[in-house]
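Novice: Next come the chains, spelled out residue by residue.
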Amino acid sequence: MSTISSPQTPPDQPHGDPAVHQEVRGRSLWDDARDRLLANRAAMASLCVLVLITIISILGPMLSPHPFDKVYRDYVKVPASLSAYPAEDEVEPAFRSLLKRARVSIDSFERTGNVVTAIVTSKREIDPRIVRYADRSDMFSGATLGDFSEDGKSAVMQADIAFVHFYFGTDSNGRDLMTRTFIAGRVSLTIGLLATIVAIAIGVVYGATSGYLGGRVDQSMMRVVDVLYSLPFIFFVIMLVVFFGRNFVLMFIAVGAVEWLDMARIVRGQTLTIKRQEYVQAAEAMGVSDGGILRRHVIPNTLGPVVVYMTLLVPKVILLESFLSFLGLGVQEPMTSWGVLISEGARNLQGAYWMLIFPSIFLTSTLFALNFIGDGLRDALDPKDR
Amino acid sequence: MHRYVLGRLLGAIPTLFLIVTISFFLIRIAPGGPFDLERPLEAKVMENLNRIYHLDEPLWNQYLIYLKSIAVLDFGPSFYFRDFSINELFAESLPISIQLGLSALCLAFVVGGTLGVIAALRQNRMTDYSVMTAATLGVTVPNFVIAPILTLTLGGWLGWLPVGGWNGGKFVNAILPVITLALPQVAVVARLTRGSMIEALRSNHVRTARAYGLTTWLVIVVHALRGAILPVVSYLGPAAAALLTGSVVVETIFGIPGIGRYFVQGALNRDYTLVMGTVVVVACFVILFNLMVDLIYALLDPRVRYD
Numbered sequence: 001m002s003t004i005s006s007p008q009t010p011p012d013q014p015h016g017d018p019a020v021h022q023e024v025r026g027r028s029l030w031d032d033a034r035d036r037l038l039a040n041r042a043a044m045a046s047l048c049v050l051v052l053i054t055i056i057s058i059l060g061p062m063l064s065p066h067p068f069d070k071v072y073r074d075y076v077k078v079p080a081s082l083s084a085y086p087a088e089d090e091v092e093p094a095f096r097s098l099l100k101r102a103r104v105s106i107d108s109f110e111r112t113g114n115v116v117t118a119i120v121t122s123k124r125e126i127d128p129r130i131v132r133y134a135d136r137s138d139m140f141s142g143a144t145l146g147d148f149s150e151d152g153k154s155a156v157m158q159a160d161i162a163f164v165h166f167y168f169g170t171d172s173n174g175r176d177l178m179t180r181t182f183i184a185g186r187v188s189l190t191i192g193l194l195a196t197i198v199a200i201a202i203g204v205v206y207g208a209t210s211g212y213l214g215g216r217v218d219q220s221m222m223r224v225v226d227v228l229y230s231l232p233f234i235f236f237v238i239m240l241v242v243f244f245g246r247n248f249v250l251m252f253i254a255v256g257a258v259e260w261l262d263m264a265r266i267v268r269g270q271t272l273t274i275k276r277q278e279y280v281q282a283a284e285a286m287g288v289s290d291g292g293i294l295r296r297h298v299i300p301n302t303l304g305p306v307v308v309y310m311t312l313l314v315p316k317v318i319l320l321e322s323f324l325s326f327l328g329l330g331v332q333e334p335m336t337s338w339g340v341l342i343s344e345g346a347r348n349l350q351g352a353y354w355m356l357i358f359p360s361i362f363l364t365s366t367l368f369a370l371n372f373i374g375d376g377l378r379d380a381l382d383p384k385d386r
Numbered sequence: 001m002h003r004y005v006l007g008r009l010l011g012a013i014p015t016l017f018l019i020v021t022i023s024f025f026l027i028r029i030a031p032g033g034p035f036d037l038e039r040p041l042e043a044k045v046m047e048n049l050n051r052i053y054h055l056d057e058p059l060w061n062q063y064l065i066y067l068k069s070i071a072v073l074d075f076g077p078s079f080y081f082r083d084f085s086i087n088e089l090f091a092e093s094l095p096i097s098i099q100l101g102l103s104a105l106c107l108a109f110v111v112g113g114t115l116g117v118i119a120a121l122r123q124n125r126m127t128d129y130s131v132m133t134a135a136t137l138g139v140t141v142p143n144f145v146i147a148p149i150l151t152l153t154l155g156g157w158l159g160w161l162p163v164g165g166w167n168g169g170k171f172v173n174a175i176l177p178v179i180t181l182a183l184p185q186v187a188v189v190a191r192l193t194r195g196s197m198i199e200a201l202r203s204n205h206v207r208t209a210r211a212y213g214l215t216t217w218l219v220i221v222v223h224a225l226r227g228a229i230l231p232v233v234s235y236l237g238p239a240a241a242a243l244l245t246g247s248v249v250v251e252t253i254f255g256i257p258g259i260g261r262y263f264v265q266g267a268l269n270r271d272y273t274l275v276m277g278t279v280v281v282v283a284c285f286v287i288l289f290n291l292m293v294d295l296i297y298a299l300l301d302p303r304v305r306y307d
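Sequence order for the protein chains is A and B. When you line the first sequence up against our numbering, it's residues 1 to 386, in that order. When you line the second sequence up against our numbering, it's residues 1 to 307, in that order.
Everything labelled a hint here was simulated from the structure, so no lab data went into it. For glycine and all other residues, C-beta sits at the position ideal for the given N, C-alpha and C. Please note that the accuracy of each hint is not assured.
[What the hints assert, rightly or not] For each label pair, taking beta carbons as the anchor points, the in silico distance ranges come out as:
no., chain 1, residue 1, chain 2, residue 2, range
1, A, 250, B, 7, 36 to 44 Å
2, A, 110, B, 38, 52 to 60 Å
3, B, 300, A, 292, 23 to 31 Å
4, A, 348, B, 91, 47 to 55 Å
5, A, 290, B, 137, 22 to 30 Å
6, A, 333, B, 60, 39 to 47 Å
7, A, 335, B, 84, 47 to 55 Å
8, A, 290, B, 59, 47 to 55 Å
9, B, 6, A, 333, 52 to 60 Å
10, A, 87, B, 83, 23 to 31 Å
11, A, 173, B, 157, 21 to 29 Å
12, A, 132, B, 84, 56 to 64 Å
[As the list claims (entries may be wrong)] Calculated Cβ distances over 12 Å to all of chain A for the following chain B residues:
no., residue
13, 53
14, 59
15, 66
16, 67
17, 149
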């Protein structure tokens, strides 16, 4: 960033006396801004939080023992807990109930360490395939059946208890909420970034062109923005959902294509002041084309407000996505996003509060961090504040 | 002044016309139709329905028919809510949304403004930081998180307020939705007021007023606040339009029969007239409130004149 020149040190301006130039190193606007940002503790802390959340979202699902879409039928809506499941008192009833389903009765039940042993009897010959009942359960693994009696109507069944952790609890389908929150983070952050980039790109080019060309062109281009502005935004978004249906990425490119209006206005305003600067006149005098001036002088110098607006647009888009998910128009199962998780959590708040709390913490801290970074950037880049 | 207002209102007509045109064709291009049910209707029934609602005519004709009816403020019959016209639906739901939105707006203005002024007067002190942190929280926590938490605590566990429903607009039923609607706005208003108030407190005319020996109270309310309120007013214009035309989320969560739901329902059911009606109503509100903002501006800032 620091290589981009500011209005104070335009690149085309010939440097002064080389000797002087060596002694006094010029400080660009971006150098100043970086220093001020680094000194802003709230912004730096927010940056750390944001980086942390991003890393967790990217790596978390790979490191987690649970796939994000795996359903644990025995662990539906279990609360968040640091200790492992199954809990101490759940093992015996679960084992008894699965043996009951296997149509065998239990003579004795014993638990030694992490292994359960039961002597089972039946009126008919015991089918060795009943170990499947234990293996199919989420709580046990490696079940074996041995020590058959003479008539085959009694045997010893042994199984290991399969311990699993659900640090954030599970959702109403019995899926691990932690992995889902991480995966959701990937989706939400990607969407936020993608739509923002599209919006910024369109807004900057449109605004800069409109402001630079001025006159009739400017007026008609801004008139278009005005009309689009008074179209209700929700209507637009819902129409996009209707059009693009289930294709989420495409839809958010489209959302980005709607969100550019503010950006265009901001950049146009900036451009109007920039185009009266001497270095732009110098470039014009040297015969640089309109496109060249836009690319080389106008757009780089509007970047300050653009960067600030961008950090504030990402949370806006993430919120918009969660709003759509709340209405049921968002990401489709089994994929998920913070918005989807939160709306599910809100529905299950009574009795399963963890389903709302964990995704909310992630979403809120991301938005919080982005807002603080945006504020910090604005303070850092606003030369009036010096 | 009157000429200015009249000119602005007349200038809104082409804008409205464009909005109607764009949204009319946009929703018609969307795949599906209002009568596409899971079990398809019989061909004969479909044909009759299409004829009654003019859907069998070319799109261009339909557009002209719609323009003609909208010119006399007739929004047409609803496709989904059979036997109801859009005008009837709005007559019932719009007052509810306006009532909620207006209450939320006043709450946001008073509470947010007060908090902002307090924060500005105690700049860079504990009060300031706590107000600003709370305000950032208010902006970042989405209202579909706030709403269930409020419902569960104030409505469920403490049992002080009803958890939902409108109940003919009883006061207790309106409290939670109004708070939910107002909270994010309170946060934004507080931030805006703080920013402009800090600037105003440093300005020359406030210093002069202080030098005259006016009381702090008078300086703040009469001299500083008058200028500081301008950015808040220009923010609240569009925000008011959005609040008064209903919020989908709040109306869904609290089960309020307002106008906000119609947007989503209408678009998903391809209830063409309903969607169009909502678009027009929202656009009218936006235009009206923008005009009002400009007029209030002239009232607050004598340098602004419309002659």
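Novice: Look at each hint and say if it fits the structure.
Specialist: Quick rundown of the hints versus the structure:
no.: 1; hint: 250(A) with 7(B): 36 to 44 Å; in the structure: holds, 42 Å
no.: 2; hint: 110(A) with 38(B): 52 to 60 Å; in the structure: holds, 55 Å
no.: 3; hint: 300(B) with 292(A): 23 to 31 Å; in the structure: violated, 45 Å
no.: 4; hint: 348(A) with 91(B): 47 to 55 Å; in the structure: violated, 37 Å
no.: 5; hint: 290(A) with 137(B): 22 to 30 Å; in the structure: violated, 46 Å
no.: 6; hint: 333(A) with 60(B): 39 to 47 Å; in the structure: holds, 41 Å
no.: 7; hint: 335(A) with 84(B): 47 to 55 Å; in the structure: violated, 38 Å
no.: 8; hint: 290(A) with 59(B): 47 to 55 Å; in the structure: violated, 40 Å
no.: 9; hint: 6(B) with 333(A): 52 to 60 Å; in the structure: holds, 54 Å
no.: 10; hint: 87(A) with 83(B): 23 to 31 Å; in the structure: violated, 57 Å
no.: 11; hint: 173(A) with 157(B): 21 to 29 Å; in the structure: holds, 27 Å
no.: 12; hint: 132(A) with 84(B): 56 to 64 Å; in the structure: holds, 58 Å
no.: 13; hint: 53; in the structure: holds, 19 Å
no.: 14; hint: 59; in the structure: holds, 16 Å
no.: 15; hint: 66; in the structure: holds, 16 Å
no.: 16; hint: 67; in the structure: holds, 17 Å
no.: 17; hint: 149; in the structure: violated, 7 Å
Violated hints, in rising order: 3, 4, 5, 7, 8, 10, 17; the structure is consistent with all others.
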